[in-house]
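Participant: Going down the list, the protein sequences come from chains A and B.
Residue numbers 127 to 585, in the numbering used here, belong to the letters of the first sequence in order.
Residue numbers 127 to 585, in the numbering used here, belong to the letters of the second sequence in order.
Just so you know, these hints were derived from the structure itself, not from any lab.
None of these values were measured; they are calculated from a predicted model.
Wrong hints could be hidden among the right ones.
Copies of the same chain are indistinguishable here, so a pair counts whether it falls within one copy or spans any two.
Said to hold, decoys possible - Keeping only pairs whose Cα atoms sit at most 20 Å apart, straight-line, the calculated DMTMM-like set for lysine to aspartate or glutamate is:
#1 339 x 224
#2 339 x 226
#3 264 x 218
#4 339 x 221
#5 536 x 299
#6 339 x 406
#7 536 x 501
#8 399 x 338
#9 339 x 552
#10 399 x 229
#11 138 x 314
#12 339 x 404
#13 237 x 406
#14 536 x 183
#15 148 x 331
#16 339 x 408
#17 399 x 159
#18 399 x 340
#19 237 x 404
#20 339 x 542
#21 264 x 139
#22 507 x 335
#23 237 x 224
#24 138 x 335
Protein chains: 2
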Amino acid sequence: MTLDPVLAQIDKDLPQALERLKALLRIPSISTDPAYAEDCSRAANWLVDDLTSIGFDASRRDTPGHPMVIGHAGGSGPHLMFYGHYDVQPVDPLDLWDNDPFDPQIEETAKGQVIRGRGTSDDKGQLMTFVEACRAWKTVHGTLPANISLFFEGEEESGSPSLVPFMKDNAAELTADMALICDTGLFDDETPAVTTRLRGLLGEELTIEGPDKDLHSGMYGGAAINPIRVLSRIIASLHDDDGRITVPGFYDGVPELTNAQRAQWENLGFDAKGFLGEVDLDTPAGEAGRSVLEMIWSRPTCEVNGINGGYTGDGFKTVLPSKASAKISFRLVGDQDPHKIRESFRSMVNAMLPPDCTATFTPHGASQASTMSTENPMFEKARLALSDEWPRPAAFIGSGGSIPIAGHFKDILGMDAMLIGFGRDDDAIHSPNEKYALDSFHRGMRSWARILHTLAAHD
Amino acid sequence: MTLDPVLAQIDKDLPQALERLKALLRIPSISTDPAYAEDCSRAANWLVDDLTSIGFDASRRDTPGHPMVIGHAGGSGPHLMFYGHYDVQPVDPLDLWDNDPFDPQIEETAKGQVIRGRGTSDDKGQLMTFVEACRAWKTVHGTLPANISLFFEGEEESGSPSLVPFMKDNAAELTADMALICDTGLFDDETPAVTTRLRGLLGEELTIEGPDKDLHSGMYGGAAINPIRVLSRIIASLHDDDGRITVPGFYDGVPELTNAQRAQWENLGFDAKGFLGEVDLDTPAGEAGRSVLEMIWSRPTCEVNGINGGYTGDGFKTVLPSKASAKISFRLVGDQDPHKIRESFRSMVNAMLPPDCTATFTPHGASQASTMSTENPMFEKARLALSDEWPRPAAFIGSGGSIPIAGHFKDILGMDAMLIGFGRDDDAIHSPNEKYALDSFHRGMRSWARILHTLAAHD
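Please take these sequences and the hints and turn them into a complete structure.
Facilitator: See below:
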């Protein structure tokens with residue numbers, strides 16, 4: 127089966143593909159908010175109908191949370207399992223959006239046309255690049271070039287509570303020769319990428335309690351312990367002056383880059399100044415002596431994602447608060463063990479507590495880092511196919527984020543995963559005014575058409 | 127004019143006095159929250175009406191903020207100026223209140239009856255002890271024993287922005303022979319007190335800003351500066367390991383206790399264990415080597431009254447926030463200069479800022495400490511009158527709180543002030559379930575009746 131007419135069909139059908147994407151985007155499938163449960167269900171049904179219309183044996187699979195969507199379409203060649211998620215982030219603060227987040231519009235920007243709205247980049251626009259590539263293959267050749275399965279989740283933005291049980295219960299059906307995941311980004315606007323390493327994530331909520339009630343800082347100030355001060359001291363102690371994390375044993379299992387990796391990354395010509403400048407920063411804030419790419423791809427972190435205590439409204443209140451809390455997360459790399467780090471962190475905090483203070487901990491997820499082996503020749507085939515589509519050759523890159531599904535494919539189903547996506551750094555995912563470049567959407571579809579072609583070809 | 131029938135009238139009228147207090151307490155005069163401006167106005171009007179009903183020439187004086195209430199009632203003898211405030215603290219967290227904070231109720235407790243609600247102790251219940259003493263004098267004798275003025279403020283809990291201009295503009299009207307202030311506490315449940323030293327207060331709100339928007343901690347974590355971490359490090363650095371404050375020049379003007387003062391305080395038999403145990407604490411948290419009474423009466427402090435940054439809702443969000451802020455206050459003693467300390471604090475913070483971070487500062491009040499000279503014989507007269515009313519003799523004590531009005535009476539109007547109040551350590555002022563003991567309310571009224579009697583008597 128030839129590729130060129132498939133690419134031509136994608137080009138010709140682009141306006142209709144955009145209309146289909148808009149229809150999916152109009153469904154406010156916010157998974158974390160129970161008020162939108164019915165919308166999540168509608169999004170799942172929309173996908174089942176669309177997949178059925180192009181010949182997939184598609185079905186909705188209910189879970190204790192939002193439904194999964196599974197589709198299969200037989201074909202010769204390797205069995206490929208594509209994953210995406212149809213749920214989206216909340217949209218607050220709504221007043222920072224220029225338009226209704228669920229009324230997607232095409233806009234002209236300095237960098238070309240974009241489609242603006244919640245879920246355009248994360249992940250409805252991305253998952254539809256693959257669906258549209260399948261549609262074009264089917265339209266042109268009447269069949270798909272490979273044995274393709276699709277797996278769409280509706281809980282990715284709310285901690286995926288149903289994912290692991292579902293994968294275990296349906297392991298045989300979900301196992302393929304290779305997983306394909308479209309939830310990552312380009313290296314830069316002209317350079318596509320296969321993401322081969324993802325950081326893990328460990329979340330902890332820490333609450334320090336002191337006095338049994340809020341006190342008047344005049345009456346007790348000086349004599350009573352202040353939980354905000356205790357919490358601040360703990361947070362301040364989590365990094366040393368060189369930016370290294372001080373939790374005992376934290377760096378166990380953190381590998382150094384090989385010289386080959388370091389050389390490859392240096393060759394990428396990453397624009398660290400531009401990356402930081404995009405958010406009005408200038409100076410890398412991580413460990414001394416590390417490049418920015420190392421800081422975000424190959425080094426672990428400890429961040430405070432939220433802190434709260436005492437009076438935080440307008441004006442001033444001389445309260446000496448009874449408690450203070452922080453949400454703290456660690457991004458993990460290599461073989462770092464999130465469970466050991468959690469225990470070590472908790473021990474460190476408990477050892478720092480002054481008299482009369484207690485610490486309580488609430489866990490929020492623990493996933494190890496994923497590092498793909500690129501020895502499977504499919505990786506190089508996909509990289510070359512991407513290079514054919516985009517202005518510059520594709521790269522194997524890392525990602526600072528955490529996509530637990532990749533680890534689950536490996537751990538539960540024994541599958542490697544290729545993470546190929548077309549998002550851009552300025553897509554504002556999880557933020558107001560999220561967008562997806564039309565160029566990403568268009569070349570994304572063409573990229574998948576090329577990848578299916580090359581992966582299906584007999585060696 | 128004789129005292130005893132006045133005391134009898136107070137005893138007889140107690141139920142009606144409680145009803146009047148409840149009526150005032152039901153008005154939610156939260157001064158710091160603009161949503162309650164109308165309620166502050168209503169509370170002022172209520173006081174004008176009540177004072178008028180007992181013969182005061184009372185008026186509401188509008189300011190750029192909440193109104194003042196002024197009342198005068200002629201009489202022979204010394205001119206006494208009584209001060210109290212009708213505004214109250216916010217009530218959040220509302221879910222920690224057992225009842226509506228603005229629906230005051232009488233409750234039985236292990237320590238006797240109390241009236242529960244916001245403002246019962248701070249300061250509506252206290253200011254009404256004086257009003258009711260005047261009412262009883264007027265009822266019994268048809269006139270007051272002295273030339274009495276009343277001065278009620280509605281911005282005490284929100285930094286008193288209108289106070290100094292108002293005092294300066296009305297200096298002649300507000301000047302008397304002695305100021306009386308009822309916004310302090312007993313030494314213990316059986317021992318009344320004249321408070322002769324108050325700490326000053328300096329408030330600063332500090333906001334640290336880094337990236338120009340909230341970031342995804344996967345994409346930027348490790349490379350981008352985190353304002354919560356910066357803020358925590360600044361807060362942690364404000365005290366050394368011995369609990370001393372590290373702001374340069376902070377201890378300039380902090381006097382050591384004289385041996386006589388130290389001996390007097392030791393004789394008070396202060397129950398430090400009980401004071402801390404009341405709020406489930408055991409270990410004094412202030413400077414090493416200082417007694418608890420020193421920590422709260424004669425040593426300065428630095429506290430964090432509130433902190434906020436990033437995601438603080440339920441669950442977890444891997445945001446790397448663009449900013450974080452804290453409300454920080456300093457209690458001052460002796461001759462510490464709040465303006466110099468503010469500048470020094472700001473310089474210290476700015477010197478600690480890492481690259482790409484800015485600090486903005488919002489001032490929230492700056493008042494020096496006050497120390498009264500007890501050489502004026504009115505002090506000893508009042509102490510003896512209090513001793514007649516309560517189970518144990520009255521003491522001259524210090525207070526950890528800040529009542530800037532005392533300093534203003536001295537600086538602007540040249541008046542000494544006697545701080546006499548009937549609050550108790552467990553009144554939970556500024557906290558949920560604030561209360562005032564009925565014994566404090568009742569003996570408070572009788573105490574003022576006695577004090578007016580003794581101060582009016584010709585030497």
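Participant: Of the hints given before, which are not true for this structure?
Facilitator: Result: hints 3, 10, 11, 14, 15, 17, 20, 22 and 24 break, sorted rising.
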